[in-house]
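Going down the list, the protein sequences come from chains A and B. Going left to right, the first sequence walks through residues 1 to 254 as my numbering numbers them. Going left to right, the second sequence walks through residues 1 to 915 as my numbering numbers them.
FYI, nobody ran anything at the bench for these hints, they're computed from the structure. A virtual CB, placed ideally from N, CA and C, is assigned to each residue, including glycine. Some hints here could point you the wrong way.
Calculated lysine-lysine pairs in the BS3-like style (CA-CA distance at most 27 Å, straight line) [stated by the list, open to error]:
{"#": "1", "chain 1": "B", "residue 1": "K499", "chain 2": "A", "residue 2": "K215"}
{"#": "2", "chain 1": "A", "residue 1": "K163", "chain 2": "B", "residue 2": "K519"}
{"#": "3", "chain 1": "A", "residue 1": "K215", "chain 2": "B", "residue 2": "K540"}
{"#": "4", "chain 1": "A", "residue 1": "K106", "chain 2": "B", "residue 2": "K228"}
Per label pair, the in silico range of CB-to-CB distance [as the list claims (entries may be wrong)]:
{"#": "5", "chain 1": "B", "residue 1": "E891", "chain 2": "A", "residue 2": "N123", "range": "20 to 30 Å"}
{"#": "6", "chain 1": "B", "residue 1": "K540", "chain 2": "A", "residue 2": "Y134", "range": "40 to 50 Å"}
{"#": "7", "chain 1": "B", "residue 1": "G827", "chain 2": "A", "residue 2": "A175", "range": "29 to 39 Å"}
{"#": "8", "chain 1": "B", "residue 1": "P845", "chain 2": "A", "residue 2": "Y134", "range": "15 to 25 Å"}
{"#": "9", "chain 1": "A", "residue 1": "S186", "chain 2": "B", "residue 2": "Y239", "range": "28 to 38 Å"}
{"#": "10", "chain 1": "A", "residue 1": "I183", "chain 2": "B", "residue 2": "K883", "range": "51 to 61 Å"}
What follows is each chain in one-letter form.
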Amino acid sequence: MKKEILLLLFGFILFSKNVFSERNKEVGVVEYKKFEWKSSDYCYKIYTKYLFDTISNLGFKPEWIEMDIFLPENKTERDRYKRIVISTSAIWFTPEMYEGMDDYVKSGGLLITNSSLIGIDINRNYKLDEGDKYEANEIVGVYGHASAQMSKIFVEIECPLTKGIPVGEWISLEAKVAGRVTINKSATVLITSDRIYKEETSGNQPFLTYKHSGKGACIYIVPVLLDLEKNKYLLTILKNALSKETLEWLTIGE
Amino acid sequence: MRKILWFVLFVLGFNVYLEGKSIGVWTSYGLQPWKYNFPVKMIVKDLYDLGVTEIYFFEQCGRGGEFLHPTKVKNALTATFMGNRNFLKELLEETKNYKIKVWLVWTTPTKTEKAKGGMYSLSDIGLNSPELKRVYKEEIDEIAKDYLPEYKNIEGIFWHELDCSEAVDDHKDDLEEFKEFCKRRFNEEYTGSSIPEVNPKDKWWRRFYLYRNEVMNTFIKEMAEHSKKYNLKTGFCFYMPEGFSEESWKWGYDILNLEKLCDMIWVSGYVVESGKFYQSIKGCVIDFGIGYRHQILPRNYSYAFHGLPLSYFSAFTPVYIEDIRKYYSSIKSFTEQYGDIYNGYMGYNEKKLSLFYGKENLSNWLKLMSSWQYGETPSKIAVSINPIPFIMLYPISPEVEYKKKVQSLMENLTGYFDIDGMISGSLNMENNFKKYPFIIVPEDMALGLKKETFDKYFSYVKNGGKLLVINTPIQTGKEDLTDTEDKTEELCGIKIKRKNLPGYISLKSENPSLTLPEKKFWAETINIETKKAEVIVREKNTDAPLLTRYKIGKGEVFFSAIGFNPEIASYFASIIKLAVSSPISLEDSKGMRILEATKKGNAICISLWGKGSSILKIDAKALGLKGPFQIKDIVTGRIIKDDVSSDILLKGIPLEIKYVNQPFIVAIGKKEELKLYNGIYPDEEVFKGITEQKVIENPEVPIMVPAGEGIKVGVYHGGLGSKSIIKALEKSNFRVFSLPRLDLEALNHADVVIIPQCGSPKFFNQAEEDIRKYVENGGGILLTHDAVGYREHKPIFTEIGKGITNPERDVVEIVKENEVTAGFKKGERFVPGFRYDHIIIEKGPLGEVVIEDEKNDAVVVIGKIGKGKVVLDGMLPGIFGGKTDSGGAGEKEPEGEELKLLINIVKWLGEKEKK
């Protein structure tokens, strides 16, 4: 009898939704140290660590998470995070990790990415080598490939993600910012910017987007998040992306 | 004495039922079983036995073909296969004896038809051609002169499928006429050098759309006026353009003008809820369409309890089962593709046939439904649509938005109330305002209202009517949607500031009567400024107003800033309950809904649908019904409850529909009034398993997989182009074989399965689960044209994509370089063999577009499901031909780029994942 009760209890713990799937962690930042490429250390220090520290300075308590968090075996741990942030230098992930990101968003997570997530580590060896390729990512909904610069932005609509930035007028950024040449595929563009490609202005492009899928969403901040103290609007965008209001708006929060 | 009096009243009443009925039937001179022999006596006698009162006789063959009476009109042909007979005269003679009225159905020619002679020898056969109009007018003269004096039972001319003539007329030769139209109607010169391209934002295109409508209206106006000289009526076969997936803006169908011009408008009433909007159109006849393929026959019958004039298509298929079966089984090619005509081609298993087809079944149903004819609607709620501006907004595939904004609203709310439909600006609008104290205006259905229509809405509210406006501006303007004026504030007391981005919202309200969703939900909302309106519901976090109420005179207008979605149907139902008391409602419905309801005398009939349970509440007092009541299932004759008081009816009667697709028509009235309903089936058990019976296709045919190396490719035998695909792939070292059926066992013989658009999608739809399992377990599948999930083919892989429309375009472009497009360069274009159209695919979350067309719509989408792969190809490899070719389309091996693509697809699908 005792055995049966223990078994029942074990079964309850194992299958109880609340025990394992409750989202009780606020922000995870993907450390991205495991992937090897020539600039990995440099990029970690310059971009990823900087982003982590900025998020801390904004009053959040971010946690480092491994890129493997997106693998199926880590689903339970992954789904504890309300928000997962990916820095601009996290470019390559394995197909399974991309499936995991998709599942994270669809099951109610908020993925905030500063990377266009186009690199695929085809042979799953955590190294940039022959065979790895680039492909537009459905989760992001925006295809970002070559490098571009942006000098002014236009907020299309007022919403929690654009709060605090003037709407409906072109605003010059305090300093030019770098980012990807972006083409919108299926996301909603909230801020548009100019595109300076090879030192020439060549039209406009998305600057801040979101895409809702299932019960969650993916926010893509196109400009590289660096030197934010010099670019107050970028800081505002990051702050907004992490805000409770945005979380409420874009995820079901279960 | 009282009993005798009741009996007399009952007999009188029953006679009134029979006398008052109106049932029209489409019939030709005879389908293939009788070839050209036209068994007129048999047909008319059988129709008379069935209680038919009007015949719609296809008096002109094909589109613009021969007439079935000897004609002397220039450019009109007489059907030579009649020999010395005169089919029209024979039919009139026979029907005269039975007092059956006859409509002469004429179908105009189309520019795509390859016919010669007769009308096709005219220099122009467009509906605006004076020559064509001359021929038809002279035909009317001939009928009036040669037949009308003797046969007073000729009712009129019934214009059939004129959309097919108008849609294919590009009007390139009518540029000057279009310019004149623009000048006359809009007082503005059109300076373009060609007809405007479809573009909802371009007023010139919108005017071109209106020009098409005018071409149609003018043709009908001239024909109606000519017919009227002889007291002949005008009928019109109307399909609802707003609910179609194709470019229905090209049809020229403008219901508001056609209503004024015609005596009779025929509409289909069996397409989910769509027919309801047309029920109050003047002269409306509603078809329950049991002769069409792939219908849910019991539902088609159940939709026919609206009390209005009925019609069904057609006289032959539902009745002469054995003759038709025998004929088709003798055609080898037909049997190879479809098997039995009823099981395979039509999609009806033996159980369905035994319950819903055959003269006796049909006769029983017709008696049942016609006994409620000329009753009145008891509904107090109507949904109002404004189709013409809606089509101008969504010309390419209006069905997509229509389903989301209107059909889904109707379907879901009928789980709570009996709901009718109406059309803004129709002739009966005033009557509708009197009938319905509560009207719902769905999204995009209040744009471009005429000033007088808006004024009528305003007066309706002022005089006590109530409106619920859902997430849409109220706007008046010219018919081409220019000079618009926003009237939302005037009617709703709020101002629309802008459209919000969709997002999760939560609701709060101090009104306890409203059922607010407990959880957050994803919604499309608009940002409103409350001017004079009272706010009833707000967003929980932002306080944004989401439901307002504005009083005007004796009435009020509710404005919902949230668009409808099925997830929050109960919330919308609670708004309706707050505003109006529905005399017929369902409570706690689990799957059941109200299709139709009719009140006649002291009885009411409610047609219910959907396996499940519910509590039916009837306010007998409000309906003017006097008890005690009996509640009866008139399909089986089962008495559900006897001696029921009005109070008990008001509290509710628990009901259950036991089986999927079980027709359940409940009548409530005094016992004596319901006596004639003894049921047409012994009990509900007859409906057990009517959807379960699967017909195994070609069970005896063995599957022969060629021996050797290479990818095993099974090509479904019943597809368009299957034979040519097999031939082409055999030359490319694949092990190709024909798949005689689509069950899992058969599918598992192949590494790759190709299912082209099926001649009969019945087996394809039936195999939905097996096809998915096959792919999930690692199989590769290529679906072509409609099989991607369009029209009658179920969308099986919606994660990858599904078909949404089929424009007449024929250039495709590679947009992605990968294994499927190996050997092609991005941006490379080609023209596939089949050039009539291709299916546009709405990509799903797991799909990837590899080929688009010249308008950047997706044509080939690929993706992975489970361990397998899917390719949805909107083209039709294996079939060649285009509109301009002589001889139409036919099978031919794919070649050039199309063959290259096909081989790539098979290789990609057959390649196992490297992990």
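Status of the hints after comparison with the structure:
no.: 1; hint: B:K499 - A:K215; verdict: holds (22 Å)
no.: 2; hint: A:K163 - B:K519; verdict: holds (25 Å)
no.: 3; hint: A:K215 - B:K540; verdict: holds (19 Å)
no.: 4; hint: A:K106 - B:K228; verdict: violated (63 Å)
no.: 5; hint: B:E891 - A:N123: 20 to 30 Å; verdict: violated (44 Å)
no.: 6; hint: B:K540 - A:Y134: 40 to 50 Å; verdict: holds (42 Å)
no.: 7; hint: B:G827 - A:A175: 29 to 39 Å; verdict: holds (37 Å)
no.: 8; hint: B:P845 - A:Y134: 15 to 25 Å; verdict: holds (20 Å)
no.: 9; hint: A:S186 - B:Y239: 28 to 38 Å; verdict: holds (33 Å)
no.: 10; hint: A:I183 - B:K883: 51 to 61 Å; verdict: violated (35 Å)
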